[in-house]
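Q: Construct all of the structure, not just a fragment, from the sequences and the given hints.
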Amino acid sequence: MTTVADTLLELRGIGKRFGGLAALSEVSLHIRSGEIYGLIGPNGAGKTTLFNIITGLYQLDEGTFQFAGSSYARCKPHVLAHAGIARTFQNIRLFANMTALENVMVGRHVRTHAGIWGALACNRATRDEERAIEKRAHELLHFVGIQRHSNTLAKNLSYGEQRRLEIARALATEPKLLALDEPAAGMNATETESLKELMKKIRDSGVTVLLIEHDVKLIMGLCDRVAVLDYGKKIAEGVPEEVRSNPAVIAAYLGGEVTEAPRPQAGEGLG
Amino acid sequence: MKLHRPANRHLLVALVLLVLPFIIDSLFGHGWVRIADFALLYIMLALGLNIVVGYAGLLDLGYIAFFAVGAYTYALLGSPQFGLHWPVWVVLPLGALLACIFGVLLGAPTLRLRGDYLAIVTLGFGEIIRIFMNNLNAPVNITNGPQGISMIDPLHVGDFSIGQRHELFGLDISSLHLHYYLFLGFTLLVVLVSRRLENSRIGRAWMAIREDEVAASAMGINTRNVKLLAFAMGATFGGISGGLFAGFQGFVSPESFSLMESIMVLCMVVLGGMGNIGGVVLGGVLLVILPEAFRHGAGPLQQALFGAVVVDPESLRMLLFGLALILVMLWRPAGLWPSAQRRRELAPDETVAQQEQETVYDHSR
Ligand SMILES: Nc1ncnc2c1ncn2[C@@H]1O[C@H](COP(=O)(O)OP(=O)(O)OP(=O)(O)O)[C@@H](O)[C@H]1O
Ligand SMILES: [Mg+2]
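First to last, the sequence lines map onto chains A and B.
Numbering follows my numbering, with no gaps: position 41 of the first sequence is 41.
Numbering follows my numbering, with no gaps: position 202 of the second sequence is 202.
Quick caveat, the hints were computed from the structure, so don't treat them as lab data.
Note that the structure is a prediction, hence the values are computed from the model and not measured.
Built from N, CA and C at the ideal position, the CB exists for glycine as well.
There could be a bad hint or two in this list.
Here are some, though not all, of the chain A residues that point toward chain B, as calculated from beta-carbon distances under 8 Å [said to hold, decoys possible]: (1) His78; (2) Arg93; (3) Gly107; (4) Ala114.
A: In C-alpha cells:
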C-alpha cells in the first residue's frame, strides 16, 4: 500500500510549441498517489496538450517527465499505457462500431498476452485468458453503471453513457493514473452528480485521478489539489479553497469570480 | 436428422463439399471443375486480403504481389528453369514464408499512411513486383521474363502426384478432382485460421485500429506491430495460394499478377462483405463463377435471341461486371453478406438524437 505522500507523476519545466505558439511553457507539477488532482484553466490554456504529452500522443520539447520513478520523455503511447497512464478524450474517441463490451475488452489488451500463435492454437491458456478478459470487461461495465448496454454499439449510447464507457475502457488497462479530459462536459446536473460519485469510487479503488474540468463546482467539491493553467503557464496550485481566492486565477477567468467557464468547443486536434 | 443442430449442419456441408466436384462434373462438364478449383484459390486470396482490409482497415491495392511471390517461389524451385525439383512440402511453406517477409517489407514503410495514400503506395508495390518478374531475365536469367516459367512440377507428395488421374477406393478420380480436394483442405484451414484470429486479442486490436488508431494506441496497442502482423498474415495466405496456383497451372508468367487481379480480389472482399468470412467466400465464388458463366453463356444466348452474336461476349462480360458492381454498391453498400459490425457501420446512423431522448427520460439508473 502506498502512502498518500508518494509522488506518482512529476513534471518539470515542460515546454511544448506549435510553430510560434507556446502551448505550454515551464509547467511543473507533481501528483501524489491516491489523490484527485484537478487541472483547470480557460479555453486554449494547454490542458489537453498536457494530457497528450503525458500519454505519449505529443512529444515534449523541453523538460522532464517522471512517472512512478522512471523517466518517460519521448515514449510511444502504448509504452505509457503499459506504464500505467490511461486517459479519456475530450472529444469522445470510442471504437464506434464495436459494442460497449468489446470496447472495454480492447482496453485489456495491454495487460494480456495471447499472440498470433495463441490465437491459432486456441489452447487452454488462450481460452482462459479470453474468458478472464470478458469477465473483467463485464465487471468494469458494471462498475461504471452501464452493464445493461454491454451489447450496444458504442455509437448508439447516449452522451453520458459514452463518457462512462470511455472511463471503463481506460480502467481496463489497470492504470495507476487515470487522466480524464472534461468527463462532465455536456452532462446535466444529475449525471454530473453521479459522475462525481464514480470518480470517488475510482479513487477509493486505489487509482490516482487527474481531472480536467470546466465545472468549477465539481472541481471544488472533489479535488484534493488543483492547478490552474493560463496561456500555457501554471499560474496557481494548491487546495481548492486557496486557488479559488487567488487573485491571478480570478484575473485569468475574465476578472470575475471563479464560476462556470464557457463550454469548450468540440472537434479540435487530438483529444 | 435435425438440421438446426450445428453438428448435423456441419456434416451436411461436409457431405455437399465432398460430392460437389462430381455433381459439377456431371451437370456442367469437366471444365467447370477446373473453375471450381480456381474459385478455391481465389477464396484463399480473398480471405488473406480480408485480414488486411476487412479487419485492420488498411486498403491494400497490391495484394496480388504476395500471390506472385508464392507462385514464383514454387515455379523457380520446382521446374526445369534451374533444374531444381524440391519437394512440395518444402517449397510451399517457403513460398508462404517469403510472402510473409515481403508483407512485412511492404508494411514497414507504409505504417504512417492511411486510406488513399496507403492504397497508392501498395498499388505501386504490387506493380514493382510484377515488373521485376517481367525483367529479371537479363543479365542473369532468373524468371525467364515475359515468357514465364513452364513445365512446373505438379503438386505431389513423394511419388503420388495429383497432376494425373488416380484409382482410389475403386473410383477413377481425375487430376482436377484431386486438386479440388487439396484446395478445399487448404481453404478450410484458412477459414479456420481467419475465424480464430477474428475472435482473438489480436483480432480485436486490428478492429480497434480500424475504428480509431489514436484511441487504440492510447489503450496500449502497439499499432506498428499489430499492423505489421496484419500485413504478414494476409501475405502468408497469398503466398500459399500462389504456390498452389503454380503447381496447378504448371505455368506462371507476370501477366497473371496484374493490377486487375489485385482489384478483382479486392472486389471479392468488398462485394461479399468486408470483415465477414462467409461474405468473403461468397464474393470469391460469385466473382469466379459469374464471369465464366457469361463467357460461356453470352454467345449462345445472343445467337438464340438475335440470330447473331451482336456484342463480343468478352466486352459484355466486363460491362455486366461493372454494372453488377454499381448495383451492389448502391443497394448493399456493406456487401452481399456483411459482418454484423460493418453492416452497422455503413447503415444510416440510427438516430443518435432519438436514443439520447430515450435516455433522458430513462430514470431507471
Ligand atoms: N496539434 C496542434 N497543432 C497546433 N496547435 C495546437 C495543437 N494542439 C493544440 N494546439 C493549440 O495549443 C493551445 C492549447 O490547446 P489545448 O487543446 O491544450 O487547450 P485546452 O486547455 O485543452 O482548451 P479547452 O478548454 O478548449 O479544451 C491552443 O491554442 C491550441 O490551438
Ligand atoms: Mg482541452
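Q: Quick check on the hint: Arg93(A) CB to chain B CB, less than 8 Å?
A: This interface hint holds because 4 Å falls under the 8 Å limit.
Q: Does the closest beta carbon of chain B sit nearer than 8 Å to the beta carbon of His78(A)?
A: Result: holds, 5 Å to nearest chain B Cβ.
Q: Under 8 Å is the threshold here; is the Cβ of Gly107(A) close enough to any Cβ of chain B for the hint to stand?
A: Nearest chain B Cβ about 5 Å off; hint holds.
Q: How about Ala114(A): closest beta carbon in chain B under 8 Å, or not?
A: For Ala114(A), the interface hint holds, since the closest Cβ of chain B sits about 5 Å away, which is under 8 Å.
When the structure is compared with the earlier hints, no violation turns up for any of them.
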